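Spelled out, the chains give:
There are 2 protein chains.
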Amino acid sequence: MSNKPSLSTISRLTSLNRFILSNPLTNALLVNRPTNPSTTPTSKATMSSARQLTFIPGPIEFSDAVLQAMSTPSQAHTSPEFIATFQEALKNTRKLFKSTDANAQGFVLNGSGTLGWDIVGANFLNANEKALVLSTGFFSDSLAEALRVYTDKVDIIEAPGFGQTVEFHKIAAQLSEAKSAGAPYKLITITQTDTSSGVLSDVKGISEIVKKTSPETLIVVDAVCATACEPLEFDAWGIDYVLTASQKAVGVPSGLSISFASGRAIAKALAKEKPVAFYSSLKKWLPIMKAYESGAGAYFATPAIQLVTAYNVSLKQELLASGSIDERIQAHKVASDAFKDKIEALGLKLVPVSRDVAAHGLSVIYYPEGVNAGDLLSKIREKGFTMATGIYKEYKTKYFRVGHMGVAAVGERKKELDLASNAIKDSLAELGYKK
Amino acid sequence: MSNKPSLSTISRLTSLNRFILSNPLTNALLVNRPTNPSTTPTSKATMSSARQLTFIPGPIEFSDAVLQAMSTPSQAHTSPEFIATFQEALKNTRKLFKSTDANAQGFVLNGSGTLGWDIVGANFLNANEKALVLSTGFFSDSLAEALRVYTDKVDIIEAPGFGQTVEFHKIAAQLSEAKSAGAPYKLITITQTDTSSGVLSDVKGISEIVKKTSPETLIVVDAVCATACEPLEFDAWGIDYVLTASQKAVGVPSGLSISFASGRAIAKALAKEKPVAFYSSLKKWLPIMKAYESGAGAYFATPAIQLVTAYNVSLKQELLASGSIDERIQAHKVASDAFKDKIEALGLKLVPVSRDVAAHGLSVIYYPEGVNAGDLLSKIREKGFTMATGIYKEYKTKYFRVGHMGVAAVGERKKELDLASNAIKDSLAELGYKK
Chain A
1 MSNKPSLSTI SRLTSLNRFI LSNPLTNALL VNRPTNPSTT PTSKATMSSA
51 RQLTFIPGPI EFSDAVLQAM STPSQAHTSP EFIATFQEAL KNTRKLFKST
101 DANAQGFVLN GSGTLGWDIV GANFLNANEK ALVLSTGFFS DSLAEALRVY
151 TDKVDIIEAP GFGQTVEFHK IAAQLSEAKS AGAPYKLITI TQTDTSSGVL
201 SDVKGISEIV KKTSPETLIV VDAVCATACE PLEFDAWGID YVLTASQKAV
251 GVPSGLSISF ASGRAIAKAL AKEKPVAFYS SLKKWLPIMK AYESGAGAYF
301 ATPAIQLVTA YNVSLKQELL ASGSIDERIQ AHKVASDAFK DKIEALGLKL
351 VPVSRDVAAH GLSVIYYPEG VNAGDLLSKI REKGFTMATG IYKEYKTKYF
401 RVGHMGVAAV GERKKELDLA SNAIKDSLAE LGYKK
Chain B
1 MSNKPSLSTI SRLTSLNRFI LSNPLTNALL VNRPTNPSTT PTSKATMSSA
51 RQLTFIPGPI EFSDAVLQAM STPSQAHTSP EFIATFQEAL KNTRKLFKST
101 DANAQGFVLN GSGTLGWDIV GANFLNANEK ALVLSTGFFS DSLAEALRVY
151 TDKVDIIEAP GFGQTVEFHK IAAQLSEAKS AGAPYKLITI TQTDTSSGVL
201 SDVKGISEIV KKTSPETLIV VDAVCATACE PLEFDAWGID YVLTASQKAV
251 GVPSGLSISF ASGRAIAKAL AKEKPVAFYS SLKKWLPIMK AYESGAGAYF
301 ATPAIQLVTA YNVSLKQELL ASGSIDERIQ AHKVASDAFK DKIEALGLKL
351 VPVSRDVAAH GLSVIYYPEG VNAGDLLSKI REKGFTMATG IYKEYKTKYF
401 RVGHMGVAAV GERKKELDLA SNAIKDSLAE LGYKK
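As given, the protein sequences belong to chains A and B, one line each in that order. Take the first sequence: its letters are residues 1 to 435, numbered as in UniProt numbering. Take the second sequence: its letters are residues 1 to 435, numbered as in UniProt numbering.
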């Protein structure tokens with residue numbers, strides 16, 4: 001792992017500003033934010049009167065209903081109360097990914113997005129089978145690294161430059177060549193939104209290429225920062241596995257790996273003669289998920305009951321409130337467009353080379369010339385907003401990232417995103433920046 | 001996996017009694033329980049006015065402070081607030097396992113107890129290396145199954161009968177023979193409390209045998225249902241890896257794998273030439289845990305921020321409130337002894353063959369003759385208490401299990417355990433049982 005990022009930059013940076021949290025002036029900006037008295041943190045580390053609003057690309061701000069569900073009193077994992085919750089959550093997971101295929105299955109596991117990568121390698125690749133990774137940044141490369149644990153034959157096609165997508169003609173050529181040589185790729189991965197670059201890949205377009213050129217290749221989508229922000233038609237586009245995590249636009253605290261597998265992906269996992277993993281083995285999880293979704297308890301590991309309960313609340317009350325995920329996705333597009341317009345109006349430049357390839361769950365923005373990286377995020381933090389540093393190779397000190405997902409961007413607290421963009425504008429002004 | 005238990009028995013059973021939850025009479029028993037208005041569940045499945053008290057061997061009842069910490073508003077994983085929380089939690093994890101060895105390291109990961117088993121196989125065993133599993137029930141056997149993913153050479157010594165421990169002379173003989181044959185075991189596993197049988201293994205005694213007979217063998221302790229209930233002296237006994245989970249006596253909702261590794265266990269994990277796992281690889285997690293414990297952020301997967309915050313609260317306010325874990329362990333012994341005395345006074349028989357081999361976090365109890373398994377748990381549930389069925393092979397319909405860990409057994413709500421034992425007594429009487 002040559003390019004594992006150290007996020008200690010932002011840690012050190014923000015440490016410097018901890019004292020500011022107790023500054024009453026900081027509170028002012030937050031005064032209009034709906035507060036939930038039941039969610040007052042009790043640990044010393046979080047007892048600041050003005051807490052930071054989290055505008056990083058996950059974890060995001062959570063709704064009061066979700067936070068309240070996090071404190072659901074204990075339930076047995078096989079109690080009818082929890083079985084009903086998990087059943088509903090698994091059924092609604094189908095709507096999240098737009099699938100009605102009875103052969104497909106959702107998986108909601110104690111873990112993280114990283115666990116999803118491991119599941120891909122451990123279940124859908126046998127040793128020496130070929131995988132093709134399309135890379136638009138750090139997270140695409142990390143997925144490749146996970147796959148290399150399970151096979152030596154991982155090829156990467158990189159985007160021609162930072163902020164760009166992988167060229168279609170290269171994908172088609174690589175798939176064709178492999179097929180002509182009698183060794184088609186068993187799997188291709190698309191990182192729908194690479195959170196390191198903010199680049200959005202065209203999953204539909206790439207899937208069409210795969211279906212035409214190498215239809216036997218399993219299509220895997222890393223949608224960690226894309227689910228509920230970008231369209232994904234699991235059935236219609238012929239996706240085989242999509243993975244996400246709870247703390248992004250799904251709107252639930254971190255701790256859940258959420259994914260969805262097609263019938264043929266599951267068949268591949270079940271056909272493994274000898275398992276190469278235990279915790280990441282879908283063979284183990286499949287009967288558990290099927291049991292809960294059908295209304296019965298089953299055991300392989302104790303599910304994260306409070307997180308699953310919060311996930312169910314988020315699905316029902318927020319993501320699928322209109323009956324479909326489409327409205328939420330559209331709302332994220334609207335919020336993203338408006339935010340990016342404001343950023344560009346300030347004279348700042350986005351990392352994605354055009355709006356067509358810019359993701360809608362976050363904005364990835366170059367620092368303007370003359371503005372020091374640490375200074376800007378520090379000023380913004382003073383105003384009560386936590387934003388994120390860059391994390392991709394030599395570019396990491398050249399840009400910052402703003403998450404705009406969920407309740408504080410498209411939900412009941414969406415005006416907070418306006419406050420966040422004001423904080424950027426004001427901070428730049430204080431640092432002497434002029435357009 | 002020949003004996004994976006189906007817990008659907010209790011699911012079906014309890015489903016029959018869901019209507020009883022809305023019966024005001026059911027409320028009466030719970031009326032004195034401290035309630036936390038801030039933790040009123042919001043999801044429909046949990047909106048019953050009288051919720052069940054969970055007296056299974058995990059998840060357990062949680063304190064109000066822990067539940068409140070679960071709803072801590074969002075924090076960035078690299079924010080100074082969360083780094084301070086995680087740092088404190090990792091430092092206190094050392095106290096939980098009684099270690100001051102700077103070469104040892106705690107691991108607090110998004111996962112479950114099952115992930116801990118996977119970590120053992122993926123990090124401490126190379127293909128074809130020999131492991132010895134001591135089995136006192138279902139969970140010991142499950143650990144063996146996890147190890148078999150990584151090596152074909154897993155031997156099991158079973159206890160001579162259900163409710164018994166593995167005989168010391170057999171352990172010594174097996175270790176000696178392997179060593180004499182020039183192929184010593186690389187690893188031995190002890191399931192300190194097997195939650196399927198309630199049997200407590202003598203970790204100290206077994207460790208002494210290992211140190212004397214085969215000192216190079218790594219000692220792994222599954223303490224999922226033992227941590228904070230049974231003594232474990234990591235340094236003094238020479239333990240190499242102990243694994244637990246959040247939802248047992250640690251007193252935190254499910255979703256965290258908590259473990260602690262010795263310097264030589266870590267060295268073995270780091271020496272692996274080629275990783276065989278990604279998510280379960282300690283090589284990946286080690287720098288992350290070291291960073292957070294030293295007060296800096298780092299990234300491999302987004303930590304479960306709210307669960308870690310709740311874990312930190314439980315460690316400080318409950319488990320280590322006296323400064324040491326010893327008092328909590330002693331309290332569990334006292335509560336367990338009193339509960340088991342009451343059970344035996346009713347004429348019921350414990351599964352563990354003697355109190356010396358009976359765990360203190362739960363009681364595993366044979367149904368008395370003439371009392372139908374489903375009927376008893378159903379009656380108990382009517383009274384507002386969820387207890388657990390058996391799960392071990394042919395015995396599973398012959399016994400039930402009562403967890404007595406944490407706040408409702410040794411904490412501020414400990415009188416609830418008395419209510420639970422009364423519920424057993426009254427239910428038996430209603431079913432016509434006489435001593």
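Just so you know, the hints here were simulated from the structure itself, not pulled from any lab data. It cannot be assumed that every hint is accurate.
Copies of the same chain look alike in the list, so a pair counts if it fits in one copy or across any two.
[What the hints assert, rightly or not] Here are the simulated DSS-like pairs of lysine-lysine, each with C-alpha atoms no more than 25 Å apart in a straight line:
1. K290 <-> K393
2. K290 <-> K398
3. K290 <-> K435
4. K272 <-> K396
5. K91 <-> K316
6. K211 <-> K425
7. K396 <-> K91
This structure is a prediction, so every number in the text was calculated from the model and none was measured.
Right, here's what the structure says about each hint:
In this assembly of identical chains, the alpha carbons of K290 and K393 lie at most 25 Å apart only when taken from different copies (23 Å versus 42 Å within one copy). Neither within a single protomer nor between protomers do K290 and K398 lie at most 25 Å apart by alpha-carbon distance, with minima of 46 Å and 27 Å respectively. With identical chains, the CA atoms of K290 and K435 are never at most 25 Å apart, being 56 Å at best within one copy and 43 Å at best between copies. When the C-alpha separation of K272 and K396 is checked against a cutoff of 25 Å, the pair qualifies neither within a copy, at 40 Å, nor between copies, at 31 Å.
When the C-alpha separation of K91 and K316 is checked against a cutoff of 25 Å, the pair qualifies only within one copy, where the shortest distance is 11 Å, while the shortest distance between copies is 39 Å. Taking the closest pair of Cα atoms, K211 and K425 never come within 25 Å of each other, the shortest separation being 45 Å inside a single copy and 65 Å across copies. Taking CA atoms no more than 25 Å apart as the test, K396 paired with K91 passes in neither setting, with 40 Å inside one copy and 31 Å between copies.
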